[in-house]
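S.K.: Chains A and B supply the protein sequences, listed in that same order. The number in our numbering is simply the position in the first sequence, starting from 1, with 1262 added. The number in our numbering is simply the position in the second sequence, starting from 1, with 376 added.
Fair warning: there could be bad hints in the mix.
Pair by pair, the computed Cβ-Cβ distance ranges are [stated by the list, open to error]:
id, chain 1, residue 1, chain 2, residue 2, range
1, B, Gln421, A, Ser1282, 19 to 29 Å
2, B, Lys432, A, Pro1270, 41 to 51 Å
3, A, Asn1288, B, Thr386, 30 to 40 Å
4, B, Asn429, A, Ala1265, 40 to 50 Å
Under the rule of at most 30 Å between Cα atoms (straight-line distance), these lysine-lysine pairs were calculated in the DSS-like manner [unchecked claim]:
id, chain 1, residue 1, chain 2, residue 2
5, A, Lys1298, B, Lys444
6, B, Lys444, A, Lys1329
7, B, Lys444, B, Lys432
8, B, Lys478, A, Lys1333
No wet-lab data here; the hints were simulated from the structure. Ideal Cβ placement from N, Cα and C applies to all residues, glycine included.
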Amino acid sequence: DTAVSQTPKYLVTQMGNDKSIKCEQNLGHDTMYWYKQDSKKFLKIMFSYNNKELIINETVPNRFSPKSPDKAHLNLHINSLELGDSAVYFCASSQASGAYEQYFGPGTRLTVT
Amino acid sequence: GESVGLHLPTLSVQEGDNSIINCAYSNSASDYFIWYKQESGKGPQFIIDIRSNMDKRQGQRVTVLLNKTVKHLSLQIAATQPGDSAVYFCAEKNAGGTSYGKLTFGQGTILTVHP
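Build the full structure now, drawing on both the sequences and the hints.
M.R.: This is the structure in structure tokens:
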């Protein structure tokens, strides 16, 4: 009955590796988001997709590449991981791009060593 | 750039007391505000929202007040319970430019409720 799910919940990897985080929502929402939360709890949007189309692309290194195979899924691939990528990554969804109540997933804690 | 900020990073209260969490915003073009609660190890959870054409909105045990004159937003929690212990975020949406649901979050306030 999970609304927004993410896998994995924890990810520990070494610098230079490539990793992916997956997100799925079963709410029937059109819009999905990726956020990064740093160690000080600051939450910042990275990307947003509406019906598989990229609509928000904040200033994020191009090592980060989102992919939306369908409107229920938004995955995040990260190349050449760096220490500064360590954070909690949250996926979220909303009914439409103009609907601002966003439903968040449980988060993926990424640790780069 | 313009951002949303919080006055108090931590707030400790006794169970049963009322809690007030404050948020200052600097973008006068923002037309929508939202409060989220984030419990430890979980994602943010919607609490209550308010549009800029309102100055007060009430939910169950929570009230959001908006003062556009001084660009101030507050969340009031009545009869605070230990389960209310969490980090609380305010977020704003800018009415101008692209409005694809982009929210700008404040830093967060840690609320601790003592039994």
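S.K.: Going through the numbered hints above, which ones does this structure break? Give me the numbers in ascending order.
M.R.: Hints 4 and 6 are the ones this structure does not satisfy, whereas the remaining hints hold.
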